[in-house]
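Use the sequences and the hints to build the structure in full.
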Amino acid sequence: MRTARIPRSRKLGFSMIPMVDVVFLLIIFFLVSSHLARNENEELELPTAMSADQDEILDVPRVTINVRDDGQMILAGRILTREMLPARLTVAREQFGDEIEVRIRCSKQAPYSHVAPILLACTRSKIWNVTFAVYRTESGM
Amino acid sequence: MHRPNLFRSRDNDLDSMMTPMIDVVFLLLIFFIWTTSMAAIEYILPSQVSAQLGNQPANINDPPPEMDFQDVVVKIAWDGSDASWFINNVRFGSIDQVDEQLQSIAQVKLDAPVIVHPEKIVPVGLVIEVFDVAKLAGFSQVSFAVEHEPRE
Chain B
1 MRTARIPRSR KLGFSMIPMV DVVFLLIIFF LVSSHLARNE NEELELPTAM
51 SADQDEILDV PRVTINVRDD GQMILAGRIL TREMLPARLT VAREQFGDEI
101 EVRIRCSKQA PYSHVAPILL ACTRSKIWNV TFAVYRTESG M
Chain X
1001 MHRPNLFRSR DNDLDSMMTP MIDVVFLLLI FFIWTTSMAA IEYILPSQVS
1051 AQLGNQPANI NDPPPEMDFQ DVVVKIAWDG SDASWFINNV RFGSIDQVDE
1101 QLQSIAQVKL DAPVIVHPEK IVPVGLVIEV FDVAKLAGFS QVSFAVEHEP
1151 RE
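These protein sequences, in sequence, are chains B and X. The first sequence maps to residues 1 to 141 in this note's numbering. The second sequence maps to residues 1001 to 1152 in this note's numbering.
If you're looking for bench data, these hints aren't it; they were derived computationally from the structure. Glycine included, C-beta positions come from ideal geometry on N, C-alpha and C. Do not rely on the hints blindly, as some may be mistaken.
Here are the simulated DSSO-like pairs of lysine-lysine, each with C-alpha atoms no more than 27 Å apart in a straight line [unchecked claim]: (1) X:K1120 x B:K108; (2) X:K1135 x B:K108; (3) X:K1135 x B:K126; (4) X:K1109 x X:K1135; (5) X:K1109 x B:K108; (6) B:K108 x B:K126; (7) X:K1120 x X:K1135.
A few chain X positions that, by computed beta-carbon distances, are all more than 12 Å from chain B [unchecked claim]: (8) D1071; (9) V1073; (10) N1088; (11) N1089; (12) Q1101; (13) S1104; (14) Q1107; (15) V1108; (16) D1111; (17) A1112; (18) E1129; (19) K1135.
Okay, structure coming up:
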């Protein structure tokens, strides 16, 4: 009786092409993700503070609100009106619970009247973890 | 006539293609790492929100009242170019004076709640400056005052 011959396996070798493919895919991934991250953070002239802390807690659910000079609020790359703000924060609070952080990235030239509604909406939505994004200065004012 | 052997030279061609590709990949990596490190690092300033109701403007003409250490209310006024600071309705001309005053209050009662209460038109940079000064003075309860608006 004839038995089927098991073909001799091909020699395994280190192939560069799939590795380069993976490297390119990783580069594209990081490019896209960094672009999206930049979209969340607008280019703003932030206030400075000496007592600022480093942003060490990374796994906290966070809502970042950018406030431009003219008071326009940007959330996740989209313009947010004052009327929409409480509802958006309430939804985020219900979704993520007590841990949620609201980060205000506000231009230092913007009047306080544009930040106060965000603080008020946070209190009404029972969000107590509110932080300001700042640049740290060593020399003070 | 001598014909080049395609099968024999294939590996060499592959090697010669791979080298510039890997060079480009490494250059891209170095470029992105470098540009990332050039971005300014942001820090965070944890804040508290106060359910503050007071919104009366500070009156400069009134005689300075005695300090009440229950709450330290720091009001900030802005005339479009210059700021004035009021700690419990006592006027201060510069942020350095505010700093000194807050430090002296902190020596008496460090656990006093400090409420930063700016006018609506005050730039946020100045508000954060006062908040920062209060934090540096050692106060643990520093919060922002917000005016209640009627609900729709």
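Against the structure, the hints:
1. X:K1120 x B:K108: Measuring from Cα to Cα gives roughly 14 Å; hence the hint holds.
2. X:K1135 x B:K108: With a Cα-Cα distance of about 19 Å, the restraint between K1135 of chain X and K108 of chain B holds, given a limit of 27 Å.
3. X:K1135 x B:K126: The given pair, whose Cα atoms are some 24 Å apart, holds under the 27 Å limit.
4. X:K1109 x X:K1135: 14 Å, holds
5. X:K1109 x B:K108: Measuring from Cα to Cα gives roughly 31 Å; hence the hint is violated.
6. B:K108 x B:K126: Cα-Cα ~26 Å, so holds.
7. X:K1120 x X:K1135: Distance ~22 Å between K1120 of chain X and K1135 of chain X Cα, so the pair holds.
8. D1071: Fine: 17 Å to the nearest Cβ keeps D1071 of chain X off the interface.
9. V1073: The claim holds: V1073 of chain X sits with its nearest Cβ about 15 Å from chain B, beyond 12 Å.
10. N1088: For N1088 of chain X, whose nearest Cβ neighbour in chain B is about 20 Å away, the distance exceeds 12 Å, so it holds.
11. N1089: Given a closest Cβ separation of 19 Å, the condition holds.
12. Q1101: 15 Å, holds
13. S1104: The claim holds: S1104 of chain X sits with its nearest Cβ about 18 Å from chain B, beyond 12 Å.
14. Q1107: Non-interface label stands for Q1107 of chain X: nearest chain B Cβ at 18 Å, farther than 12 Å.
15. V1108: 21 Å, holds
16. D1111: 17 Å, holds
17. A1112: A1112 of chain X is indeed farther than 12 Å from all Cβ atoms of chain B, at 17 Å.
18. E1129: It is violated; E1129 of chain X is separated from chain B by about 6 Å at its closest Cβ, not greater than 12 Å.
19. K1135: 4 Å, violated
Hint violations for this structure: numbers 5, 18 and 19, all remaining hints satisfied.
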